[in-house]
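Here the protein sequences come in this chain order: A and B.
The numbering of the first sequence is the working numbering, which starts it at 199 and goes up by one.
The numbering of the second sequence is the working numbering, which starts it at 293 and goes up by one.
No wet-lab data here; the hints were simulated from the structure.
Values in this document were obtained by computation on a predicted structure and should not be read as measured data.
Careful, some of the hints might be misleading.
What the hints assert, rightly or not - Footprint (simulated), chain B over chain A, 3 or more residues, beta carbon under 8 angstroms: (1) 217-225; (2) 298-306.
Unchecked claim - Some but not every residue of chain B turned toward chain A, in silico, with C-beta under 10 angstroms: (3) Gln298; (4) Gln340; (5) Tyr394.
Here a beta-carbon is modelled for each residue, glycine too, at the ideal position from N, C-alpha and C.
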Amino acid sequence: GDSVTQMEGPVTLSEEAFLTINCTYTATGYPSLFWYVQYPGEGLQLLLKATKADDKGSNKGFEATYRKETTSFHLEKGSVQVSDSAVYFCASAPGGYQKVTFGTGTKLQVIP
Amino acid sequence: ETGVTQSPTHLIKTRGQQVTLRCSSQSGHNTVSWYQQALGQGPQFIFQYYREEENGRGNFPPRFSGLQFPNYSSELNVNALELDDSALYLCASSTRDANYGYTFGSGTRLTVV
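Could you build all of it, start to finish, from the sequences and the hints given here?
Rendered as structure tokens:
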């Protein structure tokens, strides 16, 4: 079945550091890929998405590129802020969007 | 536009009891999915409803059941609660093709004691 693997956390960075959170997926066909963010005590918020190979999703300074050849969708941000501290989930959804498969989440802590 | 609303926000139940969780979908969305998120884990797909019918189910036993109403709101029912059912239950709504992704609610935190 479909699966998503993302790097384990927690990831601790200083403010203004560069962020990369790795994510790889296995799926039949060509799924859509997502990054969701979850702040403490809250539900999931869609951060960005990409629906086909070579698409780049971007939002709030975060970017991720759909790499079919490496089945990856790594999340990057050039300069993190304390307010970016949260848990980040990589996810995939097959055509038809019957269900979304999530990774286990990566906790990011940004210190001043 | 209103987002996804879930109720209640927190709930404590005793093992063996039954529970009903509720979800109001975002305006313009006609598909609702439910997920279970155990502590420290990613959400796991329970099932999805479209046009008041179940449209896909994850690896959950039949004591997990649901309903969707004509206004697209939804309920998740869990019978014979077990301690391992303690989790955050998330509802997500979307259009049928989910072109704009899923909108998640803030969840219901269920604790089974």
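Report task. Could you work out which earlier hints the structure fails to respect and list their numbers in ascending sequence? Result -> 1
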